[in-house]
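FYI, the numbering for the sequence shown is 1 to 294, going by my numbering.
Watch out, some of these pointers could steer you wrong.
Unchecked claim - List of simulated lysine to any residue pairs, SDA-like, C-alpha gap at most 20 Å:
#1 K177 / A139
#2 K81 / E224
#3 K278 / K191
Hints were generated in silico from the structure; no laboratory data involved. Computed from a predicted model, the values in this text were never measured in an experiment.
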Amino acid sequence: MINTSIKLEVQTFRMNLECDRLDMKFLAKVINLALFFASWREIERQRRQKYTLDLSSILSAMTAIIPYSKETLSESLAPAKIKWFRRQLSTWAKENLRDFPWRRTSDPYAIFIAEFMLQKTDAATVVPIYETFLVRYPALQDLAAATVDDIAQILKPLGLLFRAERLLQSAQTILEKYQGKIPLSEDKLLKLPGIGIYTARSICANAFNQPLAVLDTNVARILERFFGLKGERVKSRCKLLWKAAESVAPARKVGTWNLTLLDFGATVCTAKNPLCDKCPLQKQCNYANSASLL
Numbered sequence: 001m002i003n004t005s006i007k008l009e010v011q012t013f014r015m016n017l018e019c020d021r022l023d024m025k026f027l028a029k030v031i032n033l034a035l036f037f038a039s040w041r042e043i044e045r046q047r048r049q050k051y052t053l054d055l056s057s058i059l060s061a062m063t064a065i066i067p068y069s070k071e072t073l074s075e076s077l078a079p080a081k082i083k084w085f086r087r088q089l090s091t092w093a094k095e096n097l098r099d100f101p102w103r104r105t106s107d108p109y110a111i112f113i114a115e116f117m118l119q120k121t122d123a124a125t126v127v128p129i130y131e132t133f134l135v136r137y138p139a140l141q142d143l144a145a146a147t148v149d150d151i152a153q154i155l156k157p158l159g160l161l162f163r164a165e166r167l168l169q170s171a172q173t174i175l176e177k178y179q180g181k182i183p184l185s186e187d188k189l190l191k192l193p194g195i196g197i198y199t200a201r202s203i204c205a206n207a208f209n210q211p212l213a214v215l216d217t218n219v220a221r222i223l224e225r226f227f228g229l230k231g232e233r234v235k236s237r238c239k240l241l242w243k244a245a246e247s248v249a250p251a252r253k254v255g256t257w258n259l260t261l262l263d264f265g266a267t268v269c270t271a272k273n274p275l276c277d278k279c280p281l282q283k284q285c286n287y288a289n290s291a292s293l294l
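Use the sequences and the hints to build the structure in full.
Written as structure tokens, this is what we have:
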């Protein structure tokens, strides 16, 4: 049975910190069930593992199951806050963007290859493979004439060798259907083997300067923390976070903006031990300010 004092403490803490961001009609209907099931499961997990009861994790478990309404999302993404968010990150990017060879080219083929390799792979690991690959296959026509085994041999250090077959199939499809030119359309890119929405949008933004926002775990983490959003576990498919990513993206130079978010999430707003004390967003960050209260 749930300890009554803990339940009341969770409820009070939850209401004080979060109620201004919730759909109150929905909250009124489910708060008792949310408190019971979410806090009970978290308390039981901690008890089984012999943890000291951690109020912040109990709170997180409970708030994760309460969704946002359209009105709440609009309140969280206030224009003034978005403007400040963009300005701070744009200033940070002037001195802190990372340098990779695919960021120094406008060649759609080279960017296509880089984005294909970067799927679920650290950028630093990709650099030597990317450079070797372009020496071996400098043009899409060269790649389309290769064999799966030859491609797999180069990609082997990256793991996920199934990408070799998909990359070859994509190259051959582009050669046959698009005369060897990387498609300009996100929809057409998505029809190629091994290309998902993140990769397609990255190619469009970086190679063709199209105003398409991207969302990966780094971007999702920044949006969740700064704006106080709660997404689904599979963040890349979360409509809430996609909406937020598109809302905060500027009208121009979206490719550079996407890179800014990726690098900021990889170096400052990290999954573990974020550098909140050195973060230019700290002043208005929901996560930093909430953490300071715990």
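Practice task
Sort out whether E224 lies within 20 Å of K81, counting only the CA atoms.
Solution key: Holds. K81 to E224 sits at ~14 Å (cutoff 20 Å).
Handout entry: Pair hint K278 and K191, alpha-carbon separation not exceeding 20 Å
Key = violated, 42 Å
Exercise for the section: Decide if the proposed pair is consistent with the structure: K177 and A139, CA atoms, cutoff 20 Å inclusive. Expected result: Roughly 16 Å separates the two Cα atoms, so the pair holds.
When the structure is compared with the earlier hints, a violation turns up for hint 3 alone.
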